[in-house]
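Number of protein chains: 2
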Amino acid sequence: MFTQSDTVQFKLPDWITDYTSGVDCLTDVHERMSFVIGAAKRNVEEKTGGPFAAGIFEIASGKLVSLGVNLVTSQGLSILHAEMVAISLAQKKLASYDLGGEGLPRHEIVTSTEPCAMCFGAIPWSGVSRVVTGARDEDARRIGFDEGPKLADWQGALAERQIEVIHDMNREQARKVLDEYLQNGGKIYNARDSA
Amino acid sequence: MFTQSDTVQFKLPDWITDYTSGVDCLTDVHERMSFVIGAAKRNVEEKTGGPFAAGIFEIASGKLVSLGVNLVTSQGLSILHAEMVAISLAQKKLASYDLGGEGLPRHEIVTSTEPCAMCFGAIPWSGVSRVVTGARDEDARRIGFDEGPKLADWQGALAERQIEVIHDMNREQARKVLDEYLQNGGKIYNARDSA
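Chains as they are written, first to last, in the working numbering: chain E, 155 to 349; chain C, 155 to 349.
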């Protein structure tokens with residue numbers, strides 16, 4: 155007989171509270187990225203998921219709205235890439251499934267690595283006006299992660315939807331975290347690695 | 155000062171328990187699709203989300219593993235398309251972020267409408283071996299939904315990853331649900347409808 159849970163829940167690692175303590179506005183975009191990459195690094199060190207983090211910020215003020223990290227392995231759900239976690243946390247906090255909704259300031263997602271095919275597709279629905287990326291797709295692929303079947307000109311496709319992309323922000327710092335993950339024997343969890 | 159919840163949760167509508175009661179295996183694929191489209195229709199009638207549903211089944215036996223519906227408006231999260239909900243419920247139930255993992259039977263996702271850009275990108279990570287679709291992208295667009303910036307040959311991209319696609323299954327039945335949603339004044343909730 156069929157049964158399924160009527161709820162799905164995922165939980166951030168405990169260290170996030172400590173990591174975000176005292177943070178309010180990060181006025182410089184480089185500083186926002188550095189903060190996000192630091193969370194990716196911590197996620198590796200604490201072994202709470204893949205080497206990726208993402209934050210939602212108010213573009214003008216730099217106010218931190220949410221911070222997410224990759225939770226695929228720790229929470230057992232393939233959709234829990236850092237971007238999806240950050241978007242969901244922000245939408246719950248602001249009680250709006252559209253971060254670009256009326257009356258809201260403009261928001262951006264700052265992500266430590268360029269989004270995979272799924273997260274790229276999620277960005278237009280999230281309501282963010284800007285995407286800031288650190289490491290490139292190729293940096294993630296270099297350590298064995300698969301970015302999925304993404305439009306070659308994904309930045310252009312976002313631009314057509316009035317979503318600006320700033321890329322290569324602190325790229326070296328972001329790449330280092332990917333390398334650390336590999337060196338620490340972190341799991342490369344693409345579903346089809348068993349194929 | 156920054157604060158955010160440390161958990162995100164979403165909940166299925168209560169009627170799902172009733173709708174799935176007594177269901178176990180649906181041996182014919184058309185029957186699986188009909189069951190999924192029925193859930194989309196019910197989601198419209200109950201006003202619990204968009205006109206979309208998706209189920210995860212064991213391919214060989216037709217055993218129902220999970221049933222998800224679109225919960226974007228009811229749960230306030232833009233990622234909660236029916237496919238994402240169904241994938242997450244199945245992964246939680248089987249305690250595996252890879253539905254194609256070792257020791258598991260082959261799984262398929264049966265979805266009442268072709269996946270949007272995000273859900274398309276999520277499919278390779280989910281571990282399903284087959285995708286069965288009802289209404290087409292163009293049917294969703296006809297009532298105002300945006301399918302996002304998706305690869306023109308998305309079916310080919312999945313095939314390259316050994317994920318089979320069967321499309322136009324019960325297409326007319328699936329289209330009717332989209333039309334009903336529009337006629338009932340259902341919200342077309344693409345984030346940028348306010349732009």
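Hints in this document: simulated from the structure, not taken from any laboratory.
Backbone N, C-alpha and C fix where the C-beta goes; we use that ideal spot for every residue, glycine too.
Among these hints, one or two may not hold up.
A few chain C residues that face chain E, going by a derived Cβ cut-off under 10 Å, partial list only [stated by the list, open to error]:
hint : residue
1    : 157
2    : 159
3    : 163
4    : 168
5    : 177
6    : 181
7    : 221
8    : 229
9    : 270
10   : 275
11   : 276
12   : 279
13   : 297
14   : 300
15   : 326
In the BS3-like style, the derived pairs of lysine-lysine whose C-alpha atoms are separated by at most 25 Å in a straight line are [claimed, not checked]:
hint : chain 1 : residue 1 : chain 2 : residue 2
16   : E       : 165       : E       : 217
17   : C       : 330       : C       : 247
18   : C       : 246       : E       : 165
19   : C       : 247       : E       : 341
20   : C       : 341       : E       : 246
21   : E       : 165       : C       : 217
Given residue 326 of chain C as an interface hint, is the shortest Cβ-Cβ distance to chain E below 10 Å? Check failed: Cβ of residue 326 of chain C comes no nearer than 27 Å to chain E, outside 10 Å.
Does the nearest C-beta of chain E fall within a distance shorter than 10 Å of the C-beta of residue 177 of chain C? 5 Å, holds
Would the hint on residue 163 of chain C be counted as holding, given a Cβ-Cβ threshold of 10 Å to chain E? 4 Å, holds
Less than 10 Å between beta-carbons is the criterion; does residue 157 of chain C satisfy it with respect to chain E? Result: holds, 8 Å to nearest chain E Cβ.
Residue hint residue 168 of chain C, partner chain E, criterion CB-CB below 10 Å: Status holds, d = 8 Å.
Cut-off 10 Å, beta-carbon criterion: hint that residue 275 of chain C touches chain E: Holds: closest Cβ of chain E sits about 3 Å from residue 275 of chain C, inside 10 Å.
Answer holds if the nearest beta-carbon of chain E is closer than 10 Å to that of residue 181 of chain C; otherwise answer violated. At 15 Å from the nearest chain E Cβ, residue 181 of chain C fails the 10 Å test, so the hint is violated.
Starting from residue 330 of chain C, check that the Cα of residue 247 of chain C is at most 25 Å away, please. At roughly 31 Å apart (the allowed maximum being 25 Å), residue 247 of chain C and residue 330 of chain C break the hint.
Taking 25 Å as the top limit, are the C-alpha atoms of residue 165 of chain E and residue 217 of chain C close enough? 30 Å, violated
Hey, residue 165 of chain E versus residue 217 of chain E, does the alpha-carbon distance stay inside 25 Å? Roughly 23 Å between the alpha carbons, so the hint for residue 165 of chain E and residue 217 of chain E holds.
Take the shortest C-beta to C-beta distance between residue 270 of chain C and chain E; is it under 10 Å? Where the cut-off is 10 Å and the nearest Cβ of chain E is about 6 Å from residue 270 of chain C, the hint holds.
Would the hint on residue 297 of chain C be counted as holding, given a Cβ-Cβ threshold of 10 Å to chain E? 17 Å, violated
Hint compliance for this structure: hints 6, 13, 15, 17 and 21 are not met, and every other hint is.
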